[in-house]
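> Next come the chains, spelled out residue by residue.
Protein chains: 4
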Amino acid sequence: MKKIDLELLLEECLSEGKKVIKDGNVADYIPELKNVNKENIGIHLYTLDNEEYSASNEEFTFSMQSVVKIVLFALALMDNELDRVLSKVGVKPSADPFNSIVKLEETEDHKPLNPFINAGAIASTSLIAADDYQGKFDRVIALLEKLFDRESIEIDEKVFISESTTGDTNRALAYFMKSRGILDKEEDVEELLSIYFKSCSILASTRDLSKLGAVLANKGKAPWSGEQIIPERINQIVCAVMTTCGLYDYSGEFAVIVGMPAKSGVGGGIVCVSHNNMGIGVSSPALDSHGNSIAGIEMLRVLSNKLDISIF
Amino acid sequence: MKKIDLELLLEECLSEGKKVIKDGNVADYIPELKNVNKENIGIHLYTLDNEEYSASNEEFTFSMQSVVKIVLFALALMDNELDRVLSKVGVKPSADPFNSIVKLEETEDHKPLNPFINAGAIASTSLIAADDYQGKFDRVIALLEKLFDRESIEIDEKVFISESTTGDTNRALAYFMKSRGILDKEEDVEELLSIYFKSCSILASTRDLSKLGAVLANKGKAPWSGEQIIPERINQIVCAVMTTCGLYDYSGEFAVIVGMPAKSGVGGGIVCVSHNNMGIGVSSPALDSHGNSIAGIEMLRVLSNKLDISIF
Amino acid sequence: MKKIDLELLLEECLSEGKKVIKDGNVADYIPELKNVNKENIGIHLYTLDNEEYSASNEEFTFSMQSVVKIVLFALALMDNELDRVLSKVGVKPSADPFNSIVKLEETEDHKPLNPFINAGAIASTSLIAADDYQGKFDRVIALLEKLFDRESIEIDEKVFISESTTGDTNRALAYFMKSRGILDKEEDVEELLSIYFKSCSILASTRDLSKLGAVLANKGKAPWSGEQIIPERINQIVCAVMTTCGLYDYSGEFAVIVGMPAKSGVGGGIVCVSHNNMGIGVSSPALDSHGNSIAGIEMLRVLSNKLDISIF
Amino acid sequence: MKKIDLELLLEECLSEGKKVIKDGNVADYIPELKNVNKENIGIHLYTLDNEEYSASNEEFTFSMQSVVKIVLFALALMDNELDRVLSKVGVKPSADPFNSIVKLEETEDHKPLNPFINAGAIASTSLIAADDYQGKFDRVIALLEKLFDRESIEIDEKVFISESTTGDTNRALAYFMKSRGILDKEEDVEELLSIYFKSCSILASTRDLSKLGAVLANKGKAPWSGEQIIPERINQIVCAVMTTCGLYDYSGEFAVIVGMPAKSGVGGGIVCVSHNNMGIGVSSPALDSHGNSIAGIEMLRVLSNKLDISIF
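Protein sequences appear in the order of chains A, B, C and D. Using the numbering used here, you'd call the opening residue of the first sequence number 22 and step up by one each time. Using the numbering used here, you'd call the opening residue of the second sequence number 22 and step up by one each time. Using the numbering used here, you'd call the opening residue of the third sequence number 22 and step up by one each time. Using the numbering used here, you'd call the opening residue of the fourth sequence number 22 and step up by one each time.
In short, the hints are calculated from the structure, not lab data. Please read all numbers here as calculations on a predicted model, not as lab measurements. Hints may be right or wrong, so weigh each one.
Just so you know, same-sequence chains aren't split out, so a pair can sit in one copy or run between any two.
[Claimed, not checked] Below, computed lysine-lysine pairings styled on DSBU-like, alpha-carbon distance capped at 30 Å:
#1 Lys240 to Lys327
#2 Lys55 to Lys327
#3 Lys55 to Lys242
#4 Lys327 to Lys39
#5 Lys242 to Lys59
#6 Lys179 to Lys43
#7 Lys242 to Lys327
#8 Lys206 to Lys40
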């Protein structure tokens with residue numbers, strides 16, 4: 022990483038990001054997501070020596086959406102043998118959109134290509150060990166409290182209800198997986214999806230994402246406490262899959278342009294990992310055609326170029 | 022139609038049909054369907070001058086399964102403007118299996134290719150006009166009582182329960198259609214599928230199918246009463262779609278080999294229409310790889326060749 | 022067929038057809054095809070008792086394009102055991118466009134779905150028995166001379182050259198089939214395609230198509246001479262496949278709307294078969310989105326409705 | 022990288038690799054590739070301080086096959102603006118096999134998903150700037166002479182002829198791309214493919230691949246001479262695409278299991294990049310179902326784990 026005035030650099034990122042907001046659109050397939058301030062934009066760095074840098078138009082939070090898929094996948098890996106997880110969800114990049122059902126039917130084993138498309142995240146959720154569905158969610162919350170280093174986690178109830186009432190594509194994905202044995206016969210699809218939708222509705226700030234990213238950048242260990250939150254090998258798997266699959270069907274381009282493990286969500290957030298260096302959280306609600314924050318990617322591009330922190 | 026001793030011919034059909042039973046398999050994806058006598062085989066003709074001819078190993082009934090899709094589609098056409106029906110379900114043959122979801126995603130308008138794949142039949146069911154879901158089913162029963170010329174219609178409850186508990190692919194199809202607006206936002210998928218599964222579980226005999234076929238062969242008019250049960254134009258549409266789409270992805274081959282409008286079901290029944298001539302019902306539970314009764318098709322092939330009644 | 026003043030009816034067909042020309046577009050993917058008079062429109066009937074009726078804006082000819090696929094398929098069937106033909110080309114309707122390559126890769130046996138998509142017609146051409154490629158073409162010409170009842174057949178050289186220089190999709194289809202063993206290892210793709218392109222470039226009039234249709238309507242026998250030009254069983258197969266596959270991915274709709282065996286070409290021509298009744302040739306160069314003559318289909322629709330000659 | 026006795030480690034890699042050879046199959050779709058010693062196995066490291074370590078059953082060379090796609094892509098990037106390259110070939114991972122044509126038709130822009138599937142490599146070849154086709158090949162050779170640090174490069178003539186005579190899938194890909202404008206109208210497909218097949222037939226050793234890998238690991242600069250062979254930004258792009266797309270549809274799993282930029286070929290070779298550390302060449306001809314050297318991957322897995330050199 023080049024020596025550079027980080028405060029100034031973040032202002033430059035912000036300024037470049039603002040320029041492209043107009044080219045994106047706020048997610049509308051979950052109606053409630055439309056009710057955000059399109060001008061919101063922020064970036065936050067959390068370094069492994071616990072320094073923080075940030076820039077934003079104002080303080081704001083956003084629903085994690087697909088960013089939470091990292092947590093669901095990590096829990097699935099923590100609760101099961103790797104082979105069992107890989108028998109239910111692949112780690113293959115997909116050139117199809119995140120909510121596509123085609124590959125579930127066309128591939129021989131009918132398993133979701135990877136844990137970061139919707140089908141794969143639903144499969145991950147089903148693999149989280151708990152006595153009941155509420156128990157699964159409690160574990161999501163408990164892990165996020167550690168990763169965000171916070172005492173409580175909030176849900177955007179309106180977003181949750183909105184996702185739930187418009188989540189028929191996800192229902193189709195879940196029932197299809199159930200019909201093919203990826204989800205168990207006993208799985209209660211509505212209950213399972215309820216946990217999934219609730220997880221997607223968890224509120225986060227760019228600071229939260231940067232701390233989550235810092236754990237991933239530190240081999241699963243919290244820089245602020247030294248606690249091994251995610252086992253090292255699982256941390257590595259998660260970062261590998263983030264690199265090949267984290268930005269939906271834009272992951273290949275992102276590797277070329279930014280070159281770091283990352284995971285985006287249609288709420289506008291992106292978490293990004295600079296190994297042995299820092300975690301980065303960005304957010305801005307206007308999305309490109311792939312469903313990624315358009316200003317978020319631009320800020321990461323500028324940051325990666327200026328600091329020369331691509332892993333490639 | 023060639024002059025021929027029909028009794029003798031039907032015995033020949035039966036004998037040829039029996040030879041191929043061993044090459045087929047009884048449907049197993051609905052568990053209850055497995056519990057049938059694989060050796061069952063029958064053929065029944067009902068001519069437009071109300072003569073009947075039949076041959077079989079013994080008396081038996083079977084669940085209509087996809088044969089009922091004719092009735093669901095006819096009701097959809099009777100209850101709606103043609104354009105409205107065609108906006109929700111196409112009339113395109115499909116080279117994909119009957120329960121495929123791929124084309125729902127890949128086609129631009131996301132509507133089922135035709136009313137005789139599962140998605141299309143579910144869409145047809147949603148188009149039947151009634152105050153509530155039970156009302157839809159009452160209309161199916163009422164139409165079948167006329168077409169079968171019977172006072173009561175029975176359901177195979179075990180099959181119904183079996184379909185319902187294993188119908189997750191159909192749930193996936195229905196939720197996907199709901200997510201794309203083919204089914205209305207207000208549609209209750211479980212209620213709708215319940216009517217669909219119940220319709221598939223209706224019991225019929227080869228005689229029942231031959232009478233249904235005789236109505237279709239007679240421009241929608243019952244040969245036994247003269248009643249116009251299905252409007253003439255709708256009858257024509259149904260027969261056209263049976264010809265291009267009635268035997269799933271085997272429809273093209275069937276046109277070459279048999280050459281008549283027909284509709285098969287995984288319960289083993291096939292209804293076949295010889296225009297201005299007669300209706301034909303065949304049944305035998307062992308299926309070929311497309312889901313069609315293997316002996317049923319063989320009997321229809323022999324019959325069509327010997328009587329020279331292909332429409333082509 | 023209803024008694025009706027046919028001359029008057031054909032004028033009505035023409036008038037209805039003219040109204041929809043503006044909604045279509047002349048084919049542009051073969052550049053030379055653009056150089057036609059978009060206002061050309063004609064219909065010609067040839068009855069089995071050798072009466073003729075016609076209406077048109079003026080005399081014109083057009084390249085047969087896909088209409089010639091009937092002849093290529095008939096020759097393939099005349100020169101090979103049916104099973105051999107069916108091992109190289111299916112008889113399954115396709116919901117994909119006529120020049121699609123997707124199904125060649127995705128289906129298990131990699132054979133073209135049917136003889137009326139481009140890949141299938143190329144496979145048919147390869148099955149025509151002859152000492153060399155010119156010999157294949159001579160047989161196409163010889164059969165067409167009989168079907169058109171003419172002493173010579175002409176090619177539109179400009180169209181041929183245009184097809185050849187822009188035929189890279191067809192080259193892709195042919196090489197793909199060769200790679201999968203549908204075409205033999207020894208097949209010379211350029212030579213084979215040259216015969217195929219030349220066949221597509223054969224010039225015809227609506228009268229020619231009506232006579233070809235009359236043979237098909239008469240079980241393969243020329244009404245004018247009594248000669249059995251196409252064997253009866255092959256004639257039946259060809260008509261069956263025309264019904265399920267003749268209008269590309271519009272075949273299902275055409276069965277509902279017109280209801281007769283037919284084959285269209287992007288040159289604007291359509292041949293249509295009214296069994297035991299007459300052959301029909303229509304032509305008009307503006308095409309709908311499926312590649313079928315938009316006015317041609319409209320004329321056939323009016324004709325079929327007024328004469329009540331749908332086979333369904 | 023852990024301190025470890027590298028000689029011993031390579032012997033362990035070799036020994037683990039040998040165990041899995043029996044589970045793979047030598048490529049047979051290019052007939053000449055079958056004529057190799059299935060027991061061949063080797064690994065070679067070339068560090069950035071110019072130390073070398075190796076282990077193998079015997080000295081052997083192999084045709085580069087898809088490993089050469091790195092060079093074709095690098096040349097395309099060196100000879101064109103990045104945007105021009107990206108308009109002809111994407112950088113998206115593909116879940117389809119390396120010779121699949123489906124996505125070329127199904128994606129909106131019809132461009133190959135990435136430069137490491139066959140279609141993408143053919144498109145890369147067409148982008149190499151030269152006066153004629155021989156000139157393109159001369160540039161491939163010239164670049165490889167630098168990357169391998171050798172004075173001459175050899176071709177396996179038998180493999181070249183074998184590829185050429187059985188390359189019909191590649192012809193299909195090329196003509197399809199030409200039909201969609203990815204290749205220019207003026208492109209001579211046979212000439213272009215000849216260069217492509219010749220490039221695939223270039224012979225290499227594991228030492229050659231390790232030196233190529235060392236250049237990539239050193240930001241494009243030869244460790245032995247300090248020459249900047251590949252511009253730094255292009256080197257970074259190539260390594261990014263190797264990570265997401267280098268092992269065909271196994272790239273996602275490889276990232277999880279090995280975690281380094283790599284590129285495999287059906288000749289059995291794999292080049293692998295440990296940034297700022299070393300280049301790695303492995304080879305063994307038996308392939309897994311994805312077309313990757315089964316023992317090669319196993320050796321890289323052991324090496325990566327023991328040295329802890331995954332980038333994730």
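> Would you mind marking each hint as holding or not holding in the structure?
Evaluation of the provided hints:
1. Lys240 to Lys327: Both, since 24 Å and 17 Å are each at most 30 Å.
2. Lys55 to Lys327: Neither: 33 Å inside a copy, 49 Å across copies.
3. Lys55 to Lys242: The answer is neither: 36 Å in one copy and 49 Å across copies each exceed 30 Å.
4. Lys327 to Lys39: Answer is within; shortest intra-copy Cα gap is 18 Å, inter-copy 45 Å.
5. Lys242 to Lys59: neither (34 Å within a copy, 44 Å between copies)
6. Lys179 to Lys43: Within one copy only: 26 Å inside a chain, 50 Å across chains, cut-off 30 Å.
7. Lys242 to Lys327: Classified as both: same-chain Cα gap 27 Å, cross-chain 21 Å, threshold 30 Å.
8. Lys206 to Lys40: neither (50 Å within a copy, 38 Å between copies)
The structure does not agree with the numbered hints 2, 3, 5 and 8 stated previously, though it agrees with the rest.
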